[in-house]
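Protein sequences, first through last, are from chains A and B.
Take the first sequence: its letter number 157 is residue 144 in our numbering, and every next letter is one higher.
Take the second sequence: its letter number 57 is residue 55 in our numbering, and every next letter is one higher.
By construction, these hints were calculated from the structure, which means they are not laboratory data.
Cβ pair distances, simulated, as ranges:
#1 A:Ser12 with B:Ala48: 36 to 44 Å
#2 A:Leu86 with B:Glu91: 49 to 57 Å
#3 A:Ala35 with B:Trp38: 48 to 56 Å
#4 A:Arg10 with B:Ile44: 34 to 42 Å
#5 B:Leu51 with A:Ala66: 47 to 55 Å
#6 B:Asp75 with A:Ser53: 44 to 52 Å
Part of the chain A face toward chain B, derived, beta carbon under 10 Å:
#7 Arg28
#8 Ile29
#9 Gly30
#10 Leu43
#11 Gly44
#12 Pro45
#13 Pro101
#14 Arg102
#15 Ser106
#16 Val113
#17 Arg114
#18 Val116
#19 Gln121
#20 Val122
The model shown is predicted, which means the values in this text are computed figures rather than measured ones.
Even for Gly, the Cβ is constructed at its ideal location relative to N, Cα and C.
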Amino acid sequence: MTSEGPVRLTLLPEAARFSLRVRQSDIAAAARAFGAALPARIGQTASAGPRSSLCLGPDEWVLHTSTDDAEALQQAFAAIAGAAPHSLTDISDRDRSILLSGPLVEDLLSTGCPRDVSSIPLGAGVRTVFDTVQVVLIRDGVTDFRLEVARSYLPHVMALLAMANLELAVAAG
Amino acid sequence: MLLIHCPYCAATLPELEFAYAGEAHIARPADPSTFSDEQWRDFLFIRTNARGLHFERWRHVHGCGRFFNAVRDTVSDKFLTTYKAGEPKPELEALLKAAGKDAAE
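Okay, chain A solo, but in the shape it has when bound:
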């Protein structure tokens, strides 16, 4: 999907996502099964190969990987289910990701997001709202953000972003 304006909006291809809930005492075992760290601070990310994790709450992580790797990830966690009880939910089909990149990306996001977007450090992610829609916002670069939206809200969020993007283009002359 393309949009006129200073920020490039790209709908990313389907990827595998999992919601992981695990107790404090079993985090180490879950991280071993995952193959990458599960950061303890809310907002921090970690990655290894195709897999990456983002801490969303004290006992909650969202795990990303490629669609080819999803099966292997689920099997790795199934193997530790007895020793380290956890909940691993496949949410791949729930969300779609939009990549936003361009120098005015912070201005564009601030049209709908109440957070101070500029205060999100590089490589960090947060769960927040965009025009009342719950989203996960991840900062991949200084001018690159990834916005994960439930697919049912995607047309709504996309339309708002495209309209704000056009306004930014008009303002820039």
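Based on the hints, put chain B in the right spot on chain A.
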């Protein structure tokens, strides 16, 4: 917009991410079968409805998803403090002293 400090995220964030969840520190009955109708009424419906400092629950629903407690002045809407669920009630006098110091600075 109110800015609310989430003790789990350790960040001060906009009100839009939070949901109010009623008065805090209301203990569930330890032995419900012995409760009289009046005691049930008080437990379920009777709240302090404070004018001034109020202990209340909030949920960071569009963030970490956690419930936590806060002390808010219902007149000025100013938050004195927020703390994790399960922690004891903070001392009001110490809080007011700390808040007064902030105002003086």
